[in-house]
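Here the protein sequences line up with chains A and B, keeping their order. Take 1 as the starting number for the first sequence in the working numbering and just add one per residue. Take 1 as the starting number for the second sequence in the working numbering and just add one per residue.
These aren't lab readings, by the way, just hints derived from the structure by calculation. One should not assume that every hint holds.
BS3-like mimics (lysine-lysine), calculated; alpha carbons at most 30 Å apart, straight line [claimed, not checked]:
| hint | chain 1 | residue 1 | chain 2 | residue 2 |
| --- | --- | --- | --- | --- |
| 1 | B | K145 | A | K264 |
| 2 | A | K279 | B | K216 |
| 3 | B | K43 | B | K145 |
| 4 | A | K279 | A | K264 |
| 5 | B | K216 | B | K206 |
| 6 | B | K163 | B | K145 |
| 7 | B | K216 | B | K24 |
| 8 | B | K206 | B | K24 |
| 9 | B | K43 | B | K206 |
| 10 | A | K279 | B | K206 |
| 11 | A | K118 | A | K279 |
| 12 | A | K118 | B | K24 |
Okay, here's what each chain looks like letter by letter:
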Amino acid sequence: MDLFIHQVLAGLATGAIYACMALAVVMIYQAIDHFNFAQGEMAMFSTFIAWQLMEWGFPYWAAFFLTIAISFAAGVAIERSIFRPLHNAPVMSHVVLFIAIFVIINSFAGFIWDFNIKAFPTPFGTRPVLGQGLLSAHDAGMIAVVLILLLLLFVFFRYTRVGLSMRAAAANPESAQLVGVRVSWMLALGWGMAAAVGAVAGMMIAPVVFLEPNMMLSILLYGFAGAVVGGLTSPLGAVIGGFSVGVIENLAGTFIPYIGREMKLSIALTLIIAVLMVKPSGLLGRKIVTRV
Amino acid sequence: MKTDTPKDLLDATAARSASPRNLKPLIGLVALVAIVAAPLFMKNFLIFQLTLAMIWAIAILGLNLLTGFNGQFSLGHGAFYAVGAYTTAILMEHGGVSYYWTIPAAGVICFIAGFLFGLPALRLEGTYLALATFALAVAMPQILKFSPFEHWTGGVQGIVILKPDAPFGIPINQDQWLFYFTLITLILMFAFAYNLVGSRTGSAIKAIRDNPTAAKAMGINLSLYKSLTFGVSALYTGIAGALSAIVVQFVAPDSFTFALSVILFVGLVIGGVGWIPGAFFGALFIMFVPHLAEGVSKGLAGAVFGIMLIAVIFLMPSGAAGLLKFVMDRLTPVRRWMGSSSRRSQ
């Protein structure tokens with residue numbers, strides 16, 4: 001039983017990473033109804049920007065918030081320049097563009113900052129908070145950041161005019177347009193916010209996995225898994241999903257011989273397919289009904 | 001647009017039907033002779049590269065059957081490429097099977113793998129399928145490293161296999177023989193693809209792409225046909241993987257990462273989605289452009305790929321197919337002239 005509880009706690013720590021990423025995935029999914037396969041690379045690039053700022057002598061929190069601002073602007077710019085002209089293009093074109101952005105960002109990150117791994121600082125310290133090596137200060141800080149982020153997003157979407165407009169634009173673009181919501185800018189805003197949330201995720205994750213251009217691929221997969229488990233239309237669901245995926249991964253690693261430890265990514269794969277098959281709306285998502 | 005007189009139209013139709021009839025077999029024959037003779041005059045490394053390009057073409061063709069003709073996405077075909085390659089390597093290393101028998105075996109295993117993966121996954125649509133296949137591609141290297149199978153797969157180290165000699169004592173070297181072996185496989189695979197797409201089954205496959213609801217109403221079993229198409233697509237890509245294992249003489253988990261799936265996807269889009277010969281253009285692109293790009297700066301290949309993808313989407317959404325059509329349309333006056341001159345000479 002002790003072992004079980006320990007593993008659940010450790011799972012929550014890794015789950016915080018996935019929850020961060022899942023939140024970013026859901027942000028973009030709500031705005032454009034697609035998975036952004038370049039999300040991980042965007043977050044990675046943001047993290048490199050933060051690293052560069054700190055190399056230039058910025059203090060941690062200054063770099064942190066500056067990076068969020070830069071990422072937001074970059075997200076808006078990507079939507080305006082690349083996706084806006086192809087708003088009504090078939091799904092195929094969008095997937096191609098995501099892959100294009102994926103390889104371009106990955107390539108440029110390697111080009112600018114090379115492929116050697118870099119250490120990334122944590123503002124929370126690394127001393128253990130709970131038990132021996134179960135929950136470090138950074139893990140606890142990360143969980144807190146995720147929850148704060150979630151609260152901010154909730155308040156934004158629930159109580160601000162812009163948040164309401166964004167929800168309207170996502171739910172019913174035509175009607176939203178008719179009542180005066182600038183739908184296309186809402187999409188851009190969605191991209192910007194997803195990029196900003198991704199940047200936070202990247203900066204929280206980097207102290208754990210180290211910084212390098214390919215750091216995000218498997219984390220993005222877990223992020224997708226978390227988002228799918230939680231429901232693609234619900235930020236709260238994404239966070240719960242992210243934490244669940246972390247816990248499931250840890251428990252499987254402890255209690256299923258071989259498979260749990262060596263095939264962690266396959267667990268994410270199985271989770272994604274299983275949830276999409278059985279309950280595509282996830283834990284907390286809206287059911288989407290299409291008329292044929 | 002100028003209005004054509006009936007006579008003009010007649011001339012144009014005659015020219016269009018006359019010129020291919022005169023030229024097509026001739027061009028085909030010249031091209032075939034050139035391709036068959038080429039390896040006898042080339043350096044081994046170039047032969048090796050062209051062999052690889054043909055292998056890419058087979059893999060891209062498989063992806064194209066799925067995406068171009070059935071309208072489904074896969075960001076995970078690298079996984080089937082890996083399964084094909086490992087099937088060949090394991091059969092040759094542990095089963096003592098001849099290399100040529102491993103090719104159909106890899107095809108069958110990949111067909112089954114694709115079909116089984118397809119059964120659940122293909123009830124997913126659009127981006128969901130892209131997501132599931134993305135997950136498959138990302139998870140693949142880890143599956144290949146799985147330690148209980150290490151005895152067969154060689155774990156992280158992978159498997160080294162030997163290049164086969166030419167049969168019947170034909171006096172050509174191994175690279176040349178593999179070139180011809182791949183060429184024969186390629187021709188068979190493309191012939192099969194053309195026939196499949198043109199057949200009744202092919203019509204059903206395309207109907208699903210164009211209008212799933214109507215296809216269903218016509219009595220087409222959507223999930224069966226989609227899974228079958230996924231299986232056939234995996235078969236093509238698996239056979240390509242099997243050939244690559246023989247040509248490269250080596251398989252290892254880290255050759256089959258997500259990057260491989262991305263490369264196949266790039267080849268598909270550049271070549272033209274839904275156009276069978278596009279696979280050649282895509283294959284040549286992914287074979288030779290990275291070398292040029294890496295010559296400029298290391299790690300730049302990805303950027304070139306990405307920029308090309310964006311350019312294709314914005315400028316010529318049908319890839320090389322569209323470019324070729326554009327050029328041919330521009331050349332129509334020339335063809336018309338050639339057609340009329342050939343008729344005059346008759």
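To see whether the hints hold, each was checked on the structure:
no. : hint              : in the structure
1   : B:K145 <-> A:K264 : holds, 12 Å
2   : A:K279 <-> B:K216 : holds, 23 Å
3   : B:K43 <-> B:K145  : violated, 36 Å
4   : A:K279 <-> A:K264 : holds, 22 Å
5   : B:K216 <-> B:K206 : holds, 12 Å
6   : B:K163 <-> B:K145 : holds, 24 Å
7   : B:K216 <-> B:K24  : violated, 39 Å
8   : B:K206 <-> B:K24  : holds, 27 Å
9   : B:K43 <-> B:K206  : violated, 42 Å
10  : A:K279 <-> B:K206 : holds, 29 Å
11  : A:K118 <-> A:K279 : violated, 40 Å
12  : A:K118 <-> B:K24  : violated, 58 Å
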